[in-house]
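Let's have the full structure, built from the sequences with the hints guiding it.
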Amino acid sequence: MSASLGAIFGPGFFGSAPVHAALAGGAIVAVVTGAVGLFTVLRSQAFAGHALGEVGATGGAVALLAGTSPLYGYLGIAIAAGAVIELLGVQRPRARDLATGLVLGAGLGLAALFLYLDTTASSTTGAPVTVLFGSLFAVSQSMLPEIVVLSAVSLAIVVACYRMLLLSSLSADLAAARGVPVRVIGVAYLVALAVAVSLAAATIGAVLATALVIGPPASALRLTKRPGLAVLVASVIGIVAVWLGVLLAYDSFYWPPAGTGWPVSFFVVADVFAFYLLSGAVARLRQSARRQRRAREVADVAGG
Amino acid sequence: MNASPAALPEAVLGVDGVSVWLSGREVLHDVSFTVHAGEFTALIGANGSGKTTLFRVILGLLAPGAGSVLIGGRPRARRNPMIGYVPQKVFLDPDMPLRARDVVALGLDGHRLGVGFGSRRRRELVEEMLDAVDAGRFADSRVGYLSGGEQQRVLIAHALVGRPRMLLLDEPLANLDIGAEREVVEVLGRVAREQGIAVLISAHDMNPLLPYMDGLVYLASGRAASGTVEEVVRPEVLSRLYGQHVDVLRVHDRILVVAGADERLPALAKQAGLEPGAVALR
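Top line first, the protein sequences correspond to chains A and B. First residue of the first sequence? That's 1 in this note's numbering, and the numbers climb one at a time after it. First residue of the second sequence? That's 1 in this note's numbering, and the numbers climb one at a time after it.
Simulated from the structure, these hints should not be mistaken for lab results. Careful, some of the hints might be misleading.
[Claimed, not checked] Straight line, CA to CA, 20 Å or less: simulated SDA-like cross-link-like pairs of lysine to any residue: (1) Lys-225(A) x Leu-146(B); (2) Lys-225(A) x Gly-116(B); (3) Lys-225(A) x Gly-144(B); (4) Lys-225(A) x Pro-94(B); (5) Lys-225(A) x Val-115(B); (6) Lys-89(B) x Asn-47(B); (7) Lys-89(B) x Ile-178(B); (8) Lys-89(B) x Asp-173(A); (9) Lys-89(B) x Gly-179(A); (10) Lys-225(A) x Asp-140(B); (11) Lys-225(A) x Gly-118(B); (12) Lys-225(A) x Ser-147(B); (13) Lys-225(A) x Arg-137(B); (14) Lys-225(A) x Phe-91(B); (15) Lys-225(A) x Asp-93(B); (16) Lys-89(B) x Gly-48(B); (17) Lys-89(B) x Arg-43(A); (18) Lys-225(A) x Arg-123(B); (19) Lys-89(B) x Leu-176(B); (20) Lys-225(A) x Tyr-145(B); (21) Lys-225(A) x Arg-142(B).
[As the list claims (entries may be wrong)] Not close to chain B: a few residues of chain A, all C-beta gaps over 10 Å, as computed: (22) Phe-9; (23) Glu-86; (24) Pro-128; (25) Val-129; (26) Ser-140.
All values reported here derive from a predicted model rather than from experimental measurement. We treat Cβ as the ideally placed atom computed from N, Cα and C, and that holds for glycine.
In structure tokens:
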């Protein structure tokens, strides 16, 4: 028994402080991205979410230059980019996509500049990799309070606006008719999204952040027709994906090429994708089971 | 219908001399009509005749250049709880994780802060509205998977659940097949009668509404005529509205309004021994 457990959990897994911080920080972020990400999917804002994450790389790069926590860099730039998208802010979907794409392009240009300055200013050549692709193991115990506070802010926005978000995601016209301040809700949501994406960027990297924001909610939506339940399922999928990623990354230390280990972000994103495929398969199985049951009922009625 | 003039109910909606200019063009000109509690009124007009503009004025989203609108005896206001509104072309995404009953519940408190844990009172009210529109059978289905007619009924329940005095529906029959069309109109007729709600529904074709409607407002080039079908849908009234000659043809209890036809057409048709409808349709 202990031998098989030992094969799953590499030696020292449960005693390692970086693992503890990664598991705790990752779980908190997974809950936030699950709740916030549900509406990203429902509002078809995956592209905006992705743009906020990638543009955040600029902030991460500047923060490294300034020697502060990259989390604040991601956050500052993501909120600024969100504001610019909203200001350029066209409500028509295509024009909005264009505004988002242009902000993304400009932001990434700045990221290229600051990441280059990072590599020349210090001897750390790993800056681009750290900022763009992150590492959960870089989340330290000291960062946890910040993560908790930011998570609370993002979650508070979504909880406060929950019903208005649902109605305006269902139909902006319907929401406006019911007296929902659609524009204000949209801006509030963009702030919550910027915070959630920054948290995800700090844990699995600016480029990969979207995977955690839209992957688990998209999977959850295939499995349930209740919004509250979808948030719950998305959070659980996110937590499992992150924890499994941490475990695999820890164990990969013993995989070839021996002694280096694979990046944890790779595993997290791979898990998220695997869950998405899995949820599709489960949804299909349930659908065909339902169809068979209905056919049987019809046959029973006809036979009886 | 049975009361003396003194007992006539107060008008739920009173539109009086409303004119609207949009970017220098007069979209509505001196439009007046009233709708009473329990009345089913149709707002008929082609695309661009000003139906949606008139709705925006009633909803308080657009200020008229002239005239007044009274709702329940009070001036119109934004977010008026006395009006239940169903916008046109509402697209309900199949991916939306909401059941029909959730959409109805959002009509009650979708504008409130917080998550909202359902009380028993709320559940009962939602159930009652679902029954009122015959939506009990699919109350637990994902709303995006429902047919167009079923979705329209859910949206009506969504608009009704806040207990408005008036229901405003913008082209609810667009893109529905004939069966679904009849179901929706039937439900609306019943809601008006049983709940005493004033129903104002816009449509470009009056025929599906004929069996249920008490009166109509006919809009053409920004001008309106209102009253019963017999009073309004007459060649001389509609010709005045359109500013050109218009024929009204009745074929199997259906009414066809044919604009721009030659004034001599009916006479010519009679000469040729043809039904007027046949000429119009050719």
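Evaluated hints:
At most 20 Å may separate the alpha-carbon atoms for a hinted pair to count; Lys-225(A) and Leu-146(B) meet this at roughly 13 Å. Restraint check for Lys-225(A) and Gly-116(B): the C-alpha separation of about 18 Å stays at or below 20 Å, so the hint holds. Proposed proximity of Lys-225(A) and Gly-144(B) is supported: the alpha carbons are some 10 Å apart, at most 20 Å. Between Lys-225(A) and Pro-94(B), the direct Cα distance comes to roughly 10 Å. Compliance with the 20 Å bound is thereby established for this hinted pair.
Among the hinted pairs, Lys-225(A) with Val-115(B) is consistent with the structure: their alpha-carbon atoms are about 17 Å apart, no more than 20 Å. Restraint check for Lys-89(B) and Asn-47(B): the C-alpha separation of about 14 Å stays at or below 20 Å, so the hint holds. Taking the CA atoms of Lys-89(B) and Ile-178(B), the gap is about 17 Å. The hint holds against a cut of 20 Å. Straight-line distance between C-alpha atoms of Lys-89(B) and Asp-173(A) comes to about 9 Å, which keeps the hinted pair within the 20 Å bound.
A distance of roughly 18 Å separates the Cα atoms of Lys-89(B) and Gly-179(A); the hinted pair therefore holds under the 20 Å criterion. Proposed proximity of Lys-225(A) and Asp-140(B) is supported: the alpha carbons are some 9 Å apart, at most 20 Å. Between Lys-225(A) and Gly-118(B) the CA atoms are separated by roughly 17 Å; this keeps the pair inside 20 Å, and the hint holds. Of the supplied pair hints, the one linking Lys-225(A) and Ser-147(B) holds, its CA atoms being roughly 17 Å apart against a limit of 20 Å.
Of the supplied pair hints, the one linking Lys-225(A) and Arg-137(B) holds, its CA atoms being roughly 17 Å apart against a limit of 20 Å. Proximity of Lys-225(A) to Phe-91(B) is assessed by CA-CA distance (about 18 Å); at most 20 Å being required, the pair is judged to hold. Distance restraint check for Lys-225(A) and Asp-93(B): the Cα-Cα separation of roughly 12 Å lies within the 20 Å cut-off, and the hinted pair is therefore satisfied. Pair hint Lys-89(B) plus Gly-48(B) holds up; C-alpha atoms about 15 Å apart against a cutoff of 20 Å.
This hinted pair checks out: Lys-89(B) and Arg-43(A) have alpha carbons roughly 18 Å apart, not beyond 20 Å. For the proposed pair Lys-225(A) and Arg-123(B), the alpha carbon gap of about 18 Å is at most 20 Å, so the pair holds. A C-alpha spacing of about 11 Å is found between Lys-89(B) and Leu-176(B), which places the hinted pair at or below 20 Å, so the restraint holds. Under the criterion of a C-alpha separation no larger than 20 Å, the hint pairing Lys-225(A) with Tyr-145(B) is consistent with the structure, at around 11 Å.
In summary, the hint linking Lys-225(A) to Arg-142(B) is supported, as the alpha carbons are separated by about 6 Å, within the 20 Å threshold. With 10 Å as the threshold on Cβ separation, the claim that Phe-9(A) sits away from chain B holds: the shortest Cβ distance comes to roughly 35 Å. Against the 10 Å criterion, Glu-86(A) stays outside the reach of chain B, whose nearest CB is about 21 Å from its own CB. For Pro-128(A), the non-interface assignment is confirmed: its Cβ lies about 36 Å from the closest Cβ of chain B, beyond the 10 Å cut-off.
For Val-129(A), the shortest C-beta to C-beta distance to chain B comes to about 35 Å, beyond the 10 Å cut-off, and the non-interface label holds. No beta-carbon of chain B is positioned within 10 Å of the beta-carbon of Ser-140(A); the least distance is around 33 Å.
When held up to the earlier numbered hints, the structure conflicts with none and fits them all.
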